[in-house]
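Student: Use the sequences and the hints to build the structure in full.
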Amino acid sequence: MGKQGVGAALPRREDDRFLRGRGRYVADIAMAGMREVAFLRSPVAHGIVRGVRAPQGSMVFTMADLDGVQPIRAPSALPGFRRTDQWPLANGRVRQVGEPIAMIVAATRAEAEDILDAITLDIEELPPATDMLAHRAGPPIHEGWADNVVLHSLVEDDLSAVQAPIVVRRRLRTARQHMAPLEGRGVVARWDTRLAQLEMHTSSQMVHVTKTGLAECLGLPESAVRIISPDVGGGFGYKGILLQEEVAIGWLARRLGGTPLRWIEDRREGLSAQANCREHHYDITVHADHDGTILALDCEAHVDVGAYSAYPFSACLEGAQIGSILPGPYVVPRYRCRTWSVATNKPPILPYRGVARTGVCYALETTLDAVARAGGLDPIAVRLRNLPGPADMPYTNVTKKIFDSGDYPEALRRAAEAMDREGFAARQRAARDEGRLLGQGFAIFCEQGAHGTSVYHGWGIPFVPGAEPCQARLTPDGGLELRVGVHSHGQGMETTLAQVAHEILGVPVERVQLIHGDTALTPYSTGTWGSRCAVMAGGAVAEACTELRNRLLPIGQHLLQAPDAVFEDGAVRAGNASVTVAEMARTFHRAPQNLTEAMQARGLECTAGHKTVRDTGTFSYAAHAVEIEVDPATGHVDLLRYVIVEDGGVLLNPLVADGQVLGGTAQGIGTALFEEMPYDAAGQPLASTFADYMLPGASDVPDIEILHMETPSPISRFGQKGIGESGAIGPPAAIVNAINDAIAHLGREVTDIPATPERVLAALAAPAIHGPADTGRPNRGGAA
Amino acid sequence: MKPVAFEHSTATTLDEARALLTAGAKPLAGGQSLGPMLNLRLVRPEHVVDIKRLPGLRGFTESETHLTLGAATTHAEIEDGRVPDVTNGLMRHVAQGIAYRAVRNRGTLGGSLAHADPAADWPSVMAALGATLLTSGGRRLPADGFVRAPFTTLLEDGEIITAVEIPRLPPGARWGYCKINRKIGEFAKAIGIATPTRLLAGAVEGPPTLLDRVEDIPARLPWLDAAAQRLAAIAVTRAQAMRDS
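Protein sequence lines, in the order shown, are assigned to chains A and B.
Residue 0 is where the first sequence starts when you use numbering that gives the first Met the number 0, and the numbers rise one by one after that.
Residue 0 is where the second sequence starts when you use numbering that gives the first Met the number 0, and the numbers rise one by one after that.
It is worth saying that the hints were derived from the structure and are not from the lab.
Take these hints with a grain of salt, some might be off.
[To be verified] The calculated label-pair distances, taken between Cβ atoms and stated as ranges, are:
#: 1; chain 1: B; residue 1: R197; chain 2: A; residue 2: R435; range: 27 to 33 Å
#: 2; chain 1: B; residue 1: G23; chain 2: A; residue 2: H141; range: 46 to 52 Å
#: 3; chain 1: A; residue 1: E704; chain 2: B; residue 2: R52; range: 45 to 51 Å
[To be verified] Counterexamples of contact, computed for chain A against chain B with all Cβ distances above 10 Å:
#: 4; residue: G4
#: 5; residue: P10
#: 6; residue: D15
#: 7; residue: P54
#: 8; residue: G56
#: 9; residue: R193
#: 10; residue: L294
#: 11; residue: A417
#: 12; residue: W458
#: 13; residue: P461
#: 14; residue: L520
#: 15; residue: G569
#: 16; residue: S577
#: 17; residue: I768
Owing to the predicted nature of the structure, the values given are computational and were not obtained by experimental measurement.
From the three backbone atoms N, C-alpha and C, an ideal C-beta is built for every residue, glycine too.
Tutor: Next comes the structure, spelled out in structure tokens:
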């Protein structure tokens, strides 16, 4: 048995069951007498439901049946935020295609769909709002609103005195996306008559938040709701939302008093009806000096938040985040950013891996490359001129973010070196002579993770994370149970958190059991999101295990009759004598007569909470570098090489960290080149199957080379930083910078992602962009 | 996404299949196109008849001049070389680029031809190779001209493809195959094929079309818009270059 503690590259323990197909997901649950649910969904983007006529004798429910059920409400305390009411089933109006109107119950899903087909639906159509720019001012999609602005946020510096020789303005758009986890959403629920409790299995990344939200909507005490998320096949934010379907099924399960109900989202429902993400528009201007030093950053950004504010993160998250993180990793002396979060007749958006970072990194990094081109500068040099150095750490940036530690310039230099930046120019010229278009692109960003109370309190959303809890329990046979309120669904926590416990208690990783995903078995937590688990749950496990160790030490000293004995390597030791954790656990549980009364009273089970030294978050950072070839005839982009220099602080497990970065990068490649959820002018989704919604496949992801730096965070327990979302942030910026590098000599640029062959061809056919002549003016005034 | 209720039966003789199909049943071979369409309720047949175990639909025969493949031969069997190749590797190359392995394990040569999705590979390849389709009606239909329009073929009601007769390419004869699609495994936007004697533009909204030269595309494929004609020309030009290199 080799080293198993913090930093050990242990293979993931959970992979054994996943790779053998032995994971157990919501759709694997079968209960006697279980009935199936299907939802009648709105076929129109905006309308008033005038009538729902169901066939005689069928079990069909509409909102009128759901007595006492409250709408889902995800408010924000940010000034001017407009709340929405999202009813579990349509209550008069429908505001997106796919909005649930009626709930159908039958013996099988096919029969439920037969009934669904036979329902006559009378809807009066209303004109939809489908474009965040065109429909910002209206017509409003919510009654009583003057326009469609959910939130307008403002970071305002006076830029009037800025005199910059280089002024580059770009208008950029990122597509609406679908998160597409392997496993979609799903619910199996029943009323437990013994406990008088709703027992709901649901594919969620935050069981406790779901429980609270569900209890509120159903008017139940929290003791009457238990949420269980078994194995979950990918979350990415898609499972960080309270669903209308959960509320409707919860109501019905209680009413039926024992009959289990099941609804498994199918792929068409997922793609066309459930939440989306990422749709941003930027009008961004960088003011820079001759040498590329940023003098000011000015931006007007729009976010298409869809029809409703999703619970709990609300419709404010992306827009407010853009304002606070657009300056990226850089020193920006003056900064102005106005954002509008605009309601449209589309599904709500949720924070997808990377949240707003993917969009802002794309906007800022592609515009910085345009600055380099305008000034005849090297894009690496421009970045190096503006990054804070290691001596500046901790660095407080223009929006008061505190970058905790790291050497940002070194990450970029290593990436450039790995890409043979020096030799590339010659290769690029030689390729051009053969009619081939090669390009290199770089992006650097930092990722705030595990930020806590003070950050989220400011946004006033329904959940503010506090101390992250862990319950640790030693069993009579020397095993260790860890109960955490976060959920592991790909993050490898059944391995990494066991490693943390091993680090403190020396219990072999094989003897550590992680219990998660069940509100009845785990301490209350906001769950898995925000790249927080390695730092917060990792810290919580360390706290709880430290407390256990503090309780074990006197037991060991007593058993050894050695008051100076110390805890070391899983045992209390005095000279050659030792008593192991397993022996102490056995004594405590099965031979308490050998202990003092005080030792017996304290127990070998404890709950501890963890907060970082400062709750402003860890800042991991990474440089992404890519070499591509553009096919000038077809517009196809081939990824030739991809290098990532990543600093996640002290890595709990380098293998797991690599897995997180690789998975995120594949998703980022999807954002850059493939994924797009288009809507037509009537608000109809144009990609309702995977034939139309294009995800990157294995053959579209190159071998990704990851180089690690490990600068400890001064605020976390082991120096670890959150990196769960990092991989998904950099690719669109790096890849489009590479495309623009490949076609720069033609004076052309791609501005919108994904950079599909059609968009690349359009860029190649577009009038050339001339540096200084097209740099535009500083962006002033509020109107779109 | 569950199909409407339908009867399902497995035909054991061609006559039995013909009777059911003539009465309106949908034939099911690999199910890789029909399955999703059933689930999406885009087709709502009352009866589905499984034809892949019909006598004669599996296996192959070889002659001096031809290979005859049963229509229920899967893409994977062609990809893996479990049936002979008389096209100097062209068919194996094509097979390994169809969708994903899971689809190739079930999807069949005859099913792909009969479905006549313009984005599919086999309708174009068989037309380029000058193959002949043998049907349950005893007809011999040239692959070139078999697809009349997207999803429309010369097959009559109740008639199915039973085998495909593929002429041998001469030893050493070269070919070129270029498929333009968003990513590996996705539906093609254009296919260009160059055999020693023929050029073909396929996978566009219409039947695969034999060409004398690339420049004929605007005249021979007038239903395509300029962008689609351009893509087809790129595919054919690249296939030609591959053949001649």
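Student: If a hint holds in the structure, say so; if it does not, say that too.
Tutor: Comparing the hints with the structure gives:
1. The hinted window of 27 to 33 Å between R197(B) and R435(A) holds, with their beta carbons roughly 29 Å apart.
2. Hint check: G23(B) to H141(A), Cβ distance near 49 Å, so the stated range 46 to 52 Å holds.
3. Evaluation of the 45 to 51 Å hint for E704(A) and R52(B) yields a pass: the beta carbon distance comes to about 49 Å.
4. With a least CB separation of 40 Å from chain B, G4(A) remains clear of the 10 Å interface cut-off, as annotated.
5. For P10(A), the non-interface assignment is confirmed: its Cβ lies about 26 Å from the closest Cβ of chain B, beyond the 10 Å cut-off.
6. Remark: the non-interface label on D15(A) is consistent with the geometry, its nearest Cβ contact in chain B lying 23 Å away (cut-off 10 Å).
7. Its beta-carbon lying about 15 Å from the closest one in chain B, P54(A) satisfies the requirement of being farther than 10 Å from that chain.
8. The claim that G56(A) lies off the interface holds: its Cβ sits roughly 18 Å from the closest Cβ of chain B, which is beyond the 10 Å cut-off.
9. No beta-carbon of chain B is positioned within 10 Å of the beta-carbon of R193(A); the least distance is around 33 Å.
10. The Cβ of L294(A) sits about 41 Å from the closest Cβ of chain B, beyond the 10 Å cut-off, so the non-interface label holds.
11. Here A417(A) stays apart from chain B, with its beta-carbon at least about 26 Å from theirs, past the 10 Å limit.
12. In this structure W458(A) is separated from chain B by more than 10 Å, as the shortest Cβ-Cβ distance comes to about 37 Å.
13. The beta carbon of P461(A) sits about 33 Å from the closest Cβ of chain B, which is more than 10 Å, so the claim that it is off the interface holds.
14. Even its closest Cβ contact with chain B, about 34 Å, leaves L520(A) beyond 10 Å, as expected for a residue assigned away from the interface.
15. For G569(A), the requirement that its beta carbon stay farther than 10 Å from each beta carbon of chain B is met, with the minimum near 46 Å.
16. Against chain B, the non-interface label of S577(A) holds: every CB pair exceeds 10 Å, the least being about 55 Å.
17. At roughly 23 Å, the least C-beta separation between I768(A) and chain B is larger than 10 Å, which holds for a residue marked as non-interface.
This entry satisfies every hint, going by the numbered hints stated previously.
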